Amino acid sequence: MNVLNKPLEIRTSPHLKSAVSTDQIMMNVVIALVPTTVFAIYAFGLAALLILSVTTISAVLTEHIYCRLNNKESTISDWSAVITGLLLGLTLPPALPLWMAALGGIASIAVVKLLFGGLGYNIFNPALGGRAILQAAFPVAITTWHPAFLADRFTNIPSSSLAWPFTTPAYDAVASATPLGNMKFNHIATDVTDMVMGLTSGSVGETSAALILLGGLYLVARNMMSWKIPVIIFLTVAVFSGIVHFFNPATPTPQFMLFSGGMMLGAVFMATDMVSSPVTEKGVIVYSIIIGIMVTVIRLWGGLPEGMMYAILMGNAVTPLLNRSLKSRVYGTGRKGGAK
Amino acid sequence: MSESLSYIFINACLVNNFVLAYFLGICPFIGVSGNIGTASRMGGAVTFVMLVSSMCAYGIHTLLVAIDAPFLQLISYIVVIASTVQLVEMIIKKFSPALFRALGIFLPLITTNCAILGLALFQTSKGYNFLESLVYALGAGAGFTIALVIMAGIREDLDIADTPKVVRGTAIVLMVAGLLSLTFMGFAGLGG
Amino acid sequence: MNEPNKTFDATTFVKGLWKENPVFVQVLGMCPTLAVTNSATNGLAMGLATAFVLVMSSMLVSMLRNFIPKQVRIATFILIIATFVTVAEYLIQAISIDIHKALGAFISLIVVNCIILGRAEAFASKNTVGKSIIDAAGMGAGFTFALLCLGVVREILGSGTLFGLQVLGQGFEPWVLMILPGGGFFTLGAWLLLFNYMKERKAAKMQEVVA
Amino acid sequence: MTTTVVAKKTFAHGVHPPTHKDGTVKREIRQFPFANVLIIALSQHLGAPAKPIVREGQEVRRGEKIAEASGFVSVTMHAPVSGIIKKIGWAPSLTGKMVMSIFLESYPASGQTVEPSAPCDVNTATPEEIIAAIQEAGIVGLGGAAFPTHVKLKVPPDKAVDTLIINGVECEPYLTTDHRVMLEQQDDIFMGIRYILKATGAKRAIIGVEANKPDAILSLRENIPSDLPVTVEAVKVKYPQGAEKMLITALLDREVPSGGLPADSGSVVVNVATTAEIGRLLPLGRGIIERSITITGPGVEKSGNYLIQIGTPLRYALEQAGLKKNATRVILGGPMMGFTVSSLDVPITKGTSGLLVLTDHESQLTIRKEYPCIGCSHCLDACPIFLNPSRLGRLAKFKQYDAMAGEYNLMDCFECGSCSYVCPSNIPLVHYFRVAKGIIRDKKAAS
Amino acid sequence: MSQTDMAQMIEAPKSWYMIRALAGIGLMCALLIVTTYEMTFETIKANKAEVLERAIFKVLPGSETKNIFEVNNGEVEKVEGETKNEMKYYAGYDANGQLVGIALEAAGQGFQDVVRMLYGYSPEKQAIVGMQVLESKETPGLGDKIEKDAAFQKNFAALDVSLDDAGQNLKNEVVFVKNGTKTNPWEIDGITGATISSKAVTAIIQNSASANMPVINKNLDKFKK
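Residue numbers (my numbering), protein chains in the order written: chain H, 1 to 340; chain Z, 341 to 532; chain U, 533 to 743; chain W, 744 to 1190; chain R, 1191 to 1415.
Keep in mind the hints are simulated off the structure, nothing from the lab. Predicted, not measured: the structure shown is a model, and the values here were computed from it. Where a beta carbon is used, it is the ideal one built from N, C-alpha and C, also for glycine. It is possible that part of the hints are untrue.
[Unchecked claim] If the Cβ cut is set under 7 Å, some of the chain W residues that face chain H in the computed set are:
no.	residue
1	Pro1000
2	Gln1063
3	Val1073
4	Ser1120
5	Phe1129
6	Phe1157
[What the hints assert, rightly or not] Calculated pairs, BS3-like style, for lysine-lysine (alpha carbon to alpha carbon, straight line, at most 27 Å):
no.	chain 1	residue 1	chain 2	residue 2
7	R	Lys1408	R	Lys1248
8	Z	Lys505	U	Lys663
9	R	Lys1368	R	Lys1389
10	H	Lys282	W	Lys840
11	W	Lys1067	H	Lys282
12	R	Lys1368	U	Lys633
13	R	Lys1389	U	Lys633
14	W	Lys1045	W	Lys1067
15	U	Lys633	R	Lys1408
16	R	Lys1268	R	Lys1327
17	U	Lys633	Z	Lys466
18	W	Lys979	H	Lys228
19	Z	Lys466	R	Lys1389
20	W	Lys840	H	Lys6
21	W	Lys1142	H	Lys72
22	W	Lys794	W	Lys830
23	R	Lys1248	U	Lys633
24	H	Lys6	H	Lys72
25	R	Lys1408	R	Lys1268
26	W	Lys764	W	Lys1068
27	H	Lys228	W	Lys769
28	W	Lys1045	Z	Lys505
29	W	Lys897	W	Lys794
30	U	Lys737	U	Lys551
31	H	Lys282	W	Lys1068
32	R	Lys1389	R	Lys1414
33	W	Lys751	H	Lys6
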């Protein structure tokens, strides 16, 4: 018999694999971001389209060129650079000069990801790390908000977007305030329904809470995201800000806290970044609570209107500690270790 | 202008973290952050010495003001801090060998830690009273410990990471410190 | 920069400036390196102040090296260094209050800069006055050079200026990050990266030659 | 049958691989023809190899003893067929290592009759006698581990066993032999339980069966002899439910201490097929010479459950069952913990519970591109003993074995493969752990 | 000679050496410091005075000379040289010796750390006529606009701090308004993107003005030359 004489394949067990693979997970994250992305382009027009393309292309190109320079196989096919670029774009103000967006994409991948060893080894979420760098570098541009639903948004590109590289942008539209900015500086609360529907001003992709949640639900249903992280963050924020609101009604309501700013986008798509969040069950809980507390503290008492980015970065920073110190009890050790 | 004690603490610990905003104590931050256990003990030792030297500095300052010799400030601070650390080391060694084993080896290193001298100089220039000085020292020490331990956790992970050869060592630590420093910027305006 | 005149003293000097650069190679004296280099002027001033203290204390330590017993040498070194730092502080105030304000407490903190104590202990206490001064001057120059490297990069990118003069066009949007603490860490990290990269390249070339 | 059984009892974590059992579960166990030459490895159990008591050229009869135990942790071997000892020499084994084996050429006319011997009566024998008889019968764990059963049943004097667990879980995908045994050999199983209860002094026995075998559960329950303290419990369908520790936790809510034995938690676990062998062989005083094996997989033409002589070379078994053209991977055991074989000249041993043949198609799925660990934590959620395979994998990659063994409890890993199964980055975690465990053991031995 | 004698022979001079070295170097250092201090004292004082004067003349446009006052036991008195009292009033005079206004220091919590500033008050206009930040760590490019932003500085060219009829309180509190919405002379027009810092400045001015304006107005005669 012929078949019996050909060389056999030698492999170690297990000889079964679950169907899902890393590149598929990453691709599904991109799919989950599609509704948010489409709405962003609908709300902010060409400006959003340009900014998302620029961040994505710059992120992917940076990774590709780095691999080429180091004579490695290009890693862009794992989709992670696309996610980084897309997420970065979604967190930027719509009329940010494109050269800054490109710089952000490069910084995200080069400084926050590749320097640390690439996919799997980055300590901080690359998109947020890149955004933090942009925020520190260009504090004015990154807090100048462009109004949504302008009549000419599909025909006209804001002149600030097209500012020459390295020059200060000039803004043509009157800057609008985000719900959080209005709350912090003018004590005006925005209608929560508007924020759920995405009718407010803000970063490219943070305005529509409903579509972000939809994407999150898709990933949870496919077991490609930890539902615990966003749920615990929401609970922490709601309870904490609820208590404060009860004693001081001048502070924002819990529902305002949940649906404003980058809360949804951050909790659903950034805090859940597998690489930079803890792997242990207890670690995940503490991590989410830390993020929830820190974002509430910054929003209520800090100098900045929004703190989601800093809260998640802080969570990332303590993740190695949480992984180390909050391990599960190993079977057969400790409490139930004895015979009875 | 008077500042509340809680503000002094939060400011020294988070908003103006000694390591990440003032660049004080960078040498131990880079040198002793390879391991979480060591880092937390070092943090404890630094906090302790900060408290002691903060008290000393307060005393010296009062004395120097009394005899009107501001030009002796620096020289007397450094001499007194150095000898206090030595004294503390001897006392701990004598009375608590366990504590000495935990903190002892770090104490001589701390003498040349600029965070300690910096603390003494800052509390003087800010004109803190005795209690405020103590809280300031406590906050600075806590901030130093937090930064050090977080860094140690990250570095333990980086030890088993595929980092490119050229960034290994101090370069990657500085990059992490830069990102941490950006993260701590989120605390700005707190406690006011 | 290395003249063919290869006397011992010239190499001692150049060693501190380049091969054993206290910041880029030995990674010493990080605190002032990061803290005061948000402009080239500040970096230069701090470098010069440190170099001044370094040279003066090395000179004195070397002069007195036979007079100081081993047991109390560290104490006397610190005493001497602290003295010159105090002197430097008053001199800077006399020259310019603005620079003194910009450098702040970091002038006083020169005392605990490990480079100075390190040179006193490792070199000045064992060598003649002349050699010690040259060694200290080399190290001081190396330190100043490093601070200037950082200050120049951070000022140009962070403010668009160099020594206060506009060098990048008026429209330039400054990268504020560079003059923030985070930028300090990043810039120094990047310089170290560059040094590592050059070292690697050199090592690789050497191997090629051997092979 | 459409009956279903509801099961709540289980352990925490674990995975749900597809079971792939439909192909063979309805096939009754059928006798397999004898191969021309049988290769009986002297070391097909854990422990010391058996000592041959035959010489080359000697004629042996089916069931005759051909090798004896060389110590306590060792068992006897019997001739699976009548024939002539051709030689005693080295033969390849499953691991690729050469082991001393007896080559037995079978008589073409070898019958099914077996040599009679001294029986062991369950009513009169002492526990020590039963244990000795089990060793003499050459019985080892038929679930796959091949650990000598009599050693397991010998409860250390400082420990007490109150519960005997009969492992009928068979959680490995594809395999159905234990399922068939439970349907076809119930009397043997109950008889075996009598022997084991007596040998261990346990007061009761629980047969644990996965809920996906409702026919076995119901008919076993119906046929329990009235004087036997036995219950049949359904456990949830989950891998690795059949691992000793997991089954103990599921049924008794007890944990086996790290580094300890089931006896430390007051229980003993015996595989259901092993129990049936004890119940069949001991009353007759015979030794184990054949076993039921599932031959299955997409690469097999005639899959089913077969009663095969121990020592039958794989080549012969697969020729009989028929191989498909695109077969590439031959696995001894189940797909989760089984080993691929490099040579078909390897013989079937007492521990072989299944012979699985995969084709290019399935094989491609397991040799996907490897990505770096992305910290998805699926492996932590899978690990039945709550290790951190993600961290362990990274430590292994950077050769930090001390941390693996110390802080991260590597030595508690029993290599069930759940982590590798779920890993989306396709990191060969279990492989890393096997290598690391070997290195750590060597290090320990060296110091 | 026994062993102990030898040891003593070595020991004794050694500790003497140590004391001699420490004392000698200590003395030398003290001498060096004191000499430098004495030598630079006048220059530094002049430097500091010049910096202060520059600031005063800037926040009090038109002034060319100054006098320093402080409140001791409720009385405003002119002082010369260093005193312990930190709260000082710097009166600025024009070329003719006429009082232009009074400059005073104020400090408070900013975005990052304490902000210290000097502002000039003109009794004639009942308004603040100039402001300069002396010390701040506000975010460069954002918060530091309180120092650099020309539009923001314009707020302080004539910021109404007039007192009510009783002379005890400000008629209108100095308040912060959003950028571009200033309508009254007692409002401070904020900086876009640096709301916190501009709010902090407002609070500092409001606190300092409400505390000091009544004192200044009551003692206006004393400030005049």
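Evaluation of the provided hints:
Because the beta carbon of Pro1000 (chain W) sits about 4 Å from the nearest beta carbon in chain H, less than 7 Å, this interface hint is met. With its C-beta approaching chain H no nearer than about 11 Å, Gln1063 (chain W) sits outside the 7 Å limit, and its interface hint is violated. The beta carbon of Val1073 (chain W) comes within 6 Å of a beta carbon in chain H, closer than 7 Å, and the hint placing it at the interface holds. This hint holds: Ser1120 (chain W) has a C-beta 4 Å from the nearest C-beta of chain H, less than the 7 Å allowed.
For Phe1129 (chain W), the interface hint holds, since its Cβ comes within 7 Å of a Cβ in chain H; the closest pair sits about 4 Å apart. A least Cβ separation of about 10 Å between Phe1157 (chain W) and chain H goes past the 7 Å threshold, and the interface hint is therefore violated. With a CA separation close to 25 Å, the supplied pair Lys1408 (chain R) and Lys1248 (chain R) stays within the 27 Å bound. For the proposed pair Lys505 (chain Z) and Lys663 (chain U), the alpha carbon gap of about 37 Å is over 27 Å, so the pair is violated.
For a cut-off of 27 Å, the pair hint linking Lys1368 (chain R) to Lys1389 (chain R) stands: about 10 Å separates their Cα positions. About 44 Å separates the Cα atoms of Lys282 (chain H) and Lys840 (chain W), which puts this hinted pair outside 27 Å; it is violated. Proposed proximity of Lys1067 (chain W) and Lys282 (chain H) is contradicted: the alpha carbons are some 49 Å apart, above 27 Å. As the CA atoms of Lys1368 (chain R) and Lys633 (chain U) are separated by approximately 33 Å, the hinted pair breaks the 27 Å bound.
Of the supplied pair hints, the one linking Lys1389 (chain R) and Lys633 (chain U) holds, its CA atoms being roughly 25 Å apart against a limit of 27 Å. Using a Cα cut-off of 27 Å, the hinted pair Lys1045 (chain W) and Lys1067 (chain W) holds, with the two alpha carbons roughly 10 Å apart. A distance of roughly 36 Å separates the Cα atoms of Lys633 (chain U) and Lys1408 (chain R); the hinted pair therefore is violated under the 27 Å criterion. With a C-alpha separation of about 33 Å, the suggested pairing of Lys1268 (chain R) with Lys1327 (chain R) is violated against the 27 Å cut-off.
Of the supplied pair hints, the one linking Lys633 (chain U) and Lys466 (chain Z) holds, its CA atoms being roughly 14 Å apart against a limit of 27 Å. Of the pairs offered as hints, the one joining Lys979 (chain W) and Lys228 (chain H) holds, with about 25 Å between alpha carbons and a cut-off of 27 Å not exceeded. Between Lys466 (chain Z) and Lys1389 (chain R) the CA atoms are separated by roughly 23 Å; this keeps the pair inside 27 Å, and the hint holds. A threshold of 27 Å between alpha carbons decides the hint, and for Lys840 (chain W) with Lys6 (chain H) the separation of about 21 Å falls inside it, so the pair holds.
As the CA atoms of Lys1142 (chain W) and Lys72 (chain H) are separated by approximately 23 Å, the hinted pair is consistent with the 27 Å bound. Restraint check for Lys794 (chain W) and Lys830 (chain W): satisfied, since their Cα atoms lie roughly 14 Å apart, inside the 27 Å limit. The straight-line distance between the Cα atoms of Lys1248 (chain R) and Lys633 (chain U) is roughly 19 Å, inside the 27 Å bound, and the hint therefore holds. Straight-line distance between C-alpha atoms of Lys6 (chain H) and Lys72 (chain H) comes to about 34 Å, which puts the hinted pair past the 27 Å bound.
Proposed proximity of Lys1408 (chain R) and Lys1268 (chain R) is supported: the alpha carbons are some 15 Å apart, at most 27 Å. Our distance criterion of 27 Å between C-alpha atoms is met by Lys764 (chain W) and Lys1068 (chain W), whose separation comes to about 22 Å. Restraint check for Lys228 (chain H) and Lys769 (chain W): not satisfied, since their Cα atoms lie roughly 43 Å apart, outside the 27 Å limit. Distance hint between Lys1045 (chain W) and Lys505 (chain Z) is unfulfilled; the C-alpha atoms sit about 56 Å from each other, more than 27 Å.
Using a Cα cut-off of 27 Å, the hinted pair Lys897 (chain W) and Lys794 (chain W) holds, with the two alpha carbons roughly 22 Å apart. Using a Cα cut-off of 27 Å, the hinted pair Lys737 (chain U) and Lys551 (chain U) holds, with the two alpha carbons roughly 18 Å apart. Using a Cα cut-off of 27 Å, the hinted pair Lys282 (chain H) and Lys1068 (chain W) is violated, with the two alpha carbons roughly 50 Å apart. Simply put, Lys1389 (chain R) and Lys1414 (chain R) have alpha-carbon atoms about 33 Å apart, too far for the 27 Å limit, and the pair is violated.
Restraint check for Lys751 (chain W) and Lys6 (chain H): not satisfied, since their Cα atoms lie roughly 46 Å apart, outside the 27 Å limit.
Violated hints, listed in ascending order, are 2, 6, 8, 10, 11, 12, 15, 16, 24, 27, 28, 31, 32, 33; each of the other numbered hints is respected by the structure.
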